[in-house]
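Asks: Sequence:
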Amino acid sequence: MYGAGNPHEELRRLQAQLAQMQREKGEAVGMVQLLRSKLADTEEENFNLQANMATIEAEIKYESKKKEEELHKQVSALESKLSFSNERLKNADRTKMSALRELEELKEKFIVEQKRIDAQKRLLASKKRKHENEIMAVSQSLMARMSQMESKSTAPTASAPASDHEDHVQPQPPAPQPLSEFDRLVQDNCALITVLMNLASRDLLVLFKGSTEVVAEVAIADGRHSLHQSEPMSIDDSHGSERRHSDTIGSSIGHSQSVFSQIAGQAQAQAQASLMTFAKEANLTQAAYANERAKDLHDALARMIRGEASAMALAPVLIRYLAAPTDLDVALLSSVMRLLYCVMENSECFQNFVLVSSSPNSSSAASKATSNMQHPRISFPGLRYSSLAEYLASQKEERRHSASSDVTEEHLSEQMQLRAKLMSALCRVIKNNLNNAVVVESGLSVLALWVDLGVTKRFGHADFRSMVSTNVIQDVVMAPKGVSCATKAMALSILTQLLHFSETFQDIDASARRTLLFNRCAKMLSQPAKDTSARELQHMIIRVFLGIVVAYPSTGVRFVLESTHGQANDRDGDRCVVYHLAQLLHHETFDARTLGEHAVKRLLADATRVRLIQEAFGLLALLVRYIDLNEELGGSDKEHSFLSVLYLLRSKRLDLSSHDMVSKTANALITLMNAPQ
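Heads up: the sequence shown is residues 1 to 677, going by the working numbering.
It should be emphasised that the hints constitute simulated quantities derived from the structure, not laboratory data.
Be aware that a few hints might be false.
Claimed, not checked - Straight-line C-alpha distance at most 25 Å; calculated SDA-like pairs for lysine to any residue:
| hint | residue 1 | residue 2 |
| --- | --- | --- |
| 1 | LYS38 | ALA51 |
| 2 | LYS638 | ARG558 |
| 3 | LYS109 | ARG129 |
| 4 | LYS664 | ASP637 |
| 5 | LYS601 | ASP531 |
| 6 | LYS638 | ALA668 |
What the hints assert, rightly or not - Beta-carbon label-pair distances, calculated as ranges:
| hint | residue 1 | residue 2 | range |
| --- | --- | --- | --- |
| 7 | ARG202 | SER651 | 52 to 58 Å |
| 8 | ALA58 | ALA28 | 42 to 48 Å |
| 9 | THR326 | LEU100 | 39 to 45 Å |
| 10 | ASP299 | ALA448 | 28 to 34 Å |
| 11 | ASN133 | SER413 | 41 to 47 Å |
| 12 | ILE117 | ARG202 | 21 to 27 Å |
| 13 | VAL330 | MET673 | 51 to 57 Å |
| 14 | GLN417 | ASN630 | 51 to 57 Å |
| 15 | ARG184 | ALA119 | 44 to 50 Å |
| 16 | THR326 | MET673 | 56 to 62 Å |
| 17 | PHE590 | MET661 | 21 to 27 Å |
| 18 | PRO528 | GLN140 | 55 to 61 Å |
| 19 | ARG184 | ALA448 | 28 to 34 Å |
| 20 | MET661 | GLN417 | 46 to 52 Å |
Beta carbons are placed, not taken as given, at the ideal position from N, Cα and C, and that holds for glycine.
Sequences are here, hints too, so could you generate the full structure?
Replies: Below is the structure:
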């Protein structure tokens, strides 16, 4: 039967279909699980993306908010700066207007002050013309007095009888009658005053009108002080002036001035006012003092014209000028010193005054001591004088003593005291005005003339120990600044002249060892010279050392070597002047030794440098035999440099004389240092 199949087959078929459907169901379930896992992964990725988006959005919001806040702050700062700048601009405008008003006031005050100064100048010019007229009148009276004296001296000749001229022809005019002591004094005084009128007229005018100049300066200072008092910060009206001052400049500092700054401003104003007051009082005191001294000078010149006093009458006046309680103006001091120089140069009476000796026998004793120091190994048994110069000096001394035998010891003591006061006052003024080149140069010129007179006029034999004891030369030479090389060379030239006196040299020895003067001078030799004045100073230092060695052969060499030794902590070590001379020769000949023939020709064309090299080498040759040269040079490099200098000197290029002393000495020193020829 077709419709009823086999049940077993149907069952197997159904089971096969069921198994197939179960497999399909398992595959579908696996597919569903796979899709669900993918869905979970997708959801997780979506969540991560959303989280990242939220984070990025939060960061963007935070950054934008932060930037917005910063922009707000910058805008507010710019707005505050703009407002502050506007305020400052307004304050500056107000300050400008106030300054313009003050400028107009100052201009008006300046015009008034200028008119006052012009009036003062006209007053000074009229006083100057008055003084010039007085001086012209004095000079005319002097000329009339001199012509009257000449007419008196020629009167006996003119009053001779006419019959003598008719009957006799005289072969020569009669000898003039000798002048009396009074007429001779008047004639000498008139001659001196005439010289002063010609050579020192400007200085006399300065001294006569010095007080008026000082008063004019005080008036100008008072005017400036009144201008300062009209400015905001003053003392008399401190509250109101400070208020004006704060209105003027307080806005520029934001009205933030502290109490301390106000007190400091008041203290500064008080200090400035006290300084101005002190300067005013000092100028007035100097004016009064200069006015009194001008009267003294006028009286002294009048006494000289009348013949009541000699040139010695000027000494107390000049001493009072120099010994003022406070130093006078630079112009006054320089004029006093130039006047003193002119009087000392042209008045024999004043020269005898400045050359007065401490005792009558000091000249002969000093000359003997000097000759003994100059010739320690030479004696003259049985002879009273060791040289012609000493004999001539003794004759002048005897004539001077015979001419001044009537001078009492009291008068001599008074002159000695005046001379000592003049010397100390002059040295004090120089030491107190080292920064004023005019005063120092004028004072050194007077000292140089004074010492030169003592050297040339041996019969006076002045005592210059007081000059050495004041250390004025040491202070000028060792001044750190403000003193030029030319001025220092002038001071050393005075020291060279002082070496002629043995007793002065003893004081120089003690003072130089105490102040290390010659050690500092020796160190100046090793410094390269930058100009001609520096080389002249080095040249003068070498002349001082040469003068000591030549004048005192027995003790001079030892003194030069010992006094120029440095200290153990010096940069150059404990070396004497020989080392510094070697350094000087090294610096001065370096170009000639290294740059060739054209440098040698340039050196030979400079006479100052050639003289400096020759005298430095001569001094070194005198001293080198008393020391160990290799040890003194201190180092192989220094020895080689010095040998190079010696080879240049041995070449006879710097021998300007026919004796070839420089080349021969250099050859001997090369042999001494055991160098190859």
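Asks: The structure should be examined with respect to each hint, and the outcome stated for every one.
Replies: Quick rundown of the hints versus the structure:
no.	hint	verdict
1	LYS38 x ALA51	holds (20 Å)
2	LYS638 x ARG558	holds (24 Å)
3	LYS109 x ARG129	violated (30 Å)
4	LYS664 x ASP637	holds (24 Å)
5	LYS601 x ASP531	holds (19 Å)
6	LYS638 x ALA668	holds (18 Å)
7	ARG202 x SER651: 52 to 58 Å	holds (54 Å)
8	ALA58 x ALA28: 42 to 48 Å	holds (44 Å)
9	THR326 x LEU100: 39 to 45 Å	holds (43 Å)
10	ASP299 x ALA448: 28 to 34 Å	holds (30 Å)
11	ASN133 x SER413: 41 to 47 Å	holds (42 Å)
12	ILE117 x ARG202: 21 to 27 Å	holds (23 Å)
13	VAL330 x MET673: 51 to 57 Å	holds (53 Å)
14	GLN417 x ASN630: 51 to 57 Å	holds (55 Å)
15	ARG184 x ALA119: 44 to 50 Å	holds (49 Å)
16	THR326 x MET673: 56 to 62 Å	holds (59 Å)
17	PHE590 x MET661: 21 to 27 Å	holds (23 Å)
18	PRO528 x GLN140: 55 to 61 Å	holds (58 Å)
19	ARG184 x ALA448: 28 to 34 Å	holds (30 Å)
20	MET661 x GLN417: 46 to 52 Å	holds (50 Å)
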